[in-house]
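In order, the protein sequences belong to chains A and B. Per our numbering: the first sequence = residues 1 to 298. Per our numbering: the second sequence = residues 1 to 83.
Quick caveat, the hints were computed from the structure, so don't treat them as lab data. In this text, all values refer to a predicted model and were calculated from it rather than measured experimentally. Hints are supplied without guarantee of correctness; some may be wrong.
Derived DSS-like pairs: lysine-lysine, alpha-carbon spacing no greater than 30 Å straight-line [claimed, not checked]: (1) A:K233 <-> B:K2; (2) A:K168 <-> B:K61; (3) B:K2 <-> A:K212; (4) B:K11 <-> A:K212; (5) B:K61 <-> A:K249.
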Amino acid sequence: MTFLDRLFDSGLLIDTGVEGLYARSGMFEDVITGFERLIDKFSGETGAEVIRFPPGMNRSYFEGSGYMKNFPQLAGTVHCFCGDDLAHADLIQCMAAGEDWTGGQKASDIVLTPAACYPLYPIVAKRGNLQAGGGLFNIQSYCFRHEPSMDPARMQLFRMREFVRMGKPEDVMAFRQEWMEKGKELMAQVALPVDIDVANDPFFGRAGRLMKNNQRDQNLKFELLIPITSVSKPTACMSFNYHQDHFGKTWDLKTVDGETAHTACVGFGLERIALALFHHHGLDPKLWPREVRDALFG
Amino acid sequence: MKDKIRELLGKLGGLPVAVDTLADGADLYAAGLSSFASVQLMLGIEDAFDIEFPDHLLNRKSFASIDAIAETVTAILDGQEAA
Numbered sequence: 001m002t003f004l005d006r007l008f009d010s011g012l013l014i015d016t017g018v019e020g021l022y023a024r025s026g027m028f029e030d031v032i033t034g035f036e037r038l039i040d041k042f043s044g045e046t047g048a049e050v051i052r053f054p055p056g057m058n059r060s061y062f063e064g065s066g067y068m069k070n071f072p073q074l075a076g077t078v079h080c081f082c083g084d085d086l087a088h089a090d091l092i093q094c095m096a097a098g099e100d101w102t103g104g105q106k107a108s109d110i111v112l113t114p115a116a117c118y119p120l121y122p123i124v125a126k127r128g129n130l131q132a133g134g135g136l137f138n139i140q141s142y143c144f145r146h147e148p149s150m151d152p153a154r155m156q157l158f159r160m161r162e163f164v165r166m167g168k169p170e171d172v173m174a175f176r177q178e179w180m181e182k183g184k185e186l187m188a189q190v191a192l193p194v195d196i197d198v199a200n201d202p203f204f205g206r207a208g209r210l211m212k213n214n215q216r217d218q219n220l221k222f223e224l225l226i227p228i229t230s231v232s233k234p235t236a237c238m239s240f241n242y243h244q245d246h247f248g249k250t251w252d253l254k255t256v257d258g259e260t261a262h263t264a265c266v267g268f269g270l271e272r273i274a275l276a277l278f279h280h281h282g283l284d285p286k287l288w289p290r291e292v293r294d295a296l297f298g
Numbered sequence: 001m002k003d004k005i006r007e008l009l010g011k012l013g014g015l016p017v018a019v020d021t022l023a024d025g026a027d028l029y030a031a032g033l034s035s036f037a038s039v040q041l042m043l044g045i046e047d048a049f050d051i052e053f054p055d056h057l058l059n060r061k062s063f064a065s066i067d068a069i070a071e072t073v074t075a076i077l078d079g080q081e082a083a
């Protein structure tokens with residue numbers, strides 16, 4: 001019996017008939033709520049501006065982000081019916097006949113958010129230069145990635161919690177370095193075994209191979225890994241990313257002195273962390289070790 | 001070969017400085033070659049020399065300087081002749 005089967009059997013996740021698209025039980029959500037509270041308590045990022053995003057973002061921001069240059073295989077766009085009565089009649093006829101009815105759907109102004117911080121940079125850039133000391137944000141969003149899988153730790157729709165730092169290179173790099181330590185301490189509080197390793201994003205195609213190697217050679221991405229469905233291939237439950245001036249240049253985001261801002265983000269895969277807790281401590285949180293329960297629900 | 005590489009670098013490298021001002025051994029990343037521009041440059045070089053970079057040469061080192069690019073392209077061309 002796979003871990004996914006056990007999650008379905010216990011009712012923690014509910015099958016929808018699509019790989020990677022699951023409903024969550026109240027218990028599952030309690031664990032995520034508990035962990036998010038622990039993040040807030042633990043983070044020390046008290047001055048951060050809190051922003052919660054809907055799961056879709058402005059299509060023009062998405063286009064400007066360059067996401068399609070690097071990850072076209074993962075993106076999801078929102079298309080809608082925009083026709084007249086005749087087109088509607090055609091549509092329902094196609095559906096009734098089991099034929100493709102989606103060809104006439106038109107792209108809307110909304111794209112599914114691929115990562116929680118993608119909508120943030122253009123919003124902050126529009127406000128003008130950053131204040132002295134730079135910016136710090138506490139964000140969360142449902143995110144979409146088109147990668148159907150039977151691995152419950154690879155969902156198509158999932159929540160990403162992030163802290164994002166913007167400012168001078170040295171401040172941004174120090175932020176990321178501190179979080180690599182804090183991430184380990186945080187996971188120790190809920191008794192999860194972790195490893196931190198250099199990583200790369202899933203850049204598309206042969207050009208992507210060069211991007212992946214560049215990213216690794218420059219140590220731009222690290223992941224905090226926890227075994228969930230495999231010991232040999234543990235799952236990335238946090239990531240620590242230094243974007244250099246990529247988003248600063250893309251969005252003309254400037255420091256108080258008018259220099260191009262550097263950015264870094266620390267991300268938590270909330271469903272993955274919940275799954276790691278269920279995998280390591282059992283499917284019933286009432287039976288979890290005392291210290292883990294205290295950390296999450298105390 | 002280096003003239004061709006310089007021409008492609010000028011067209012695709014997106015450098016803030018003129019390619020003429022760079023020595024063959026100059027560090028292109030220090031000169032402002034971005035990751036994305038290096039991808040464009042890689043594709044342009046493949047097209048111009050009718051080669052395909054093998055995976056083990058798709059790295060930062062291969063594009064570090066005009067000399068490094070020429071060495072990489074030469075190695076690929078030599079390998080193709082041998083094959």
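Which hint numbers does the structure go against, in order from smallest to largest?
1
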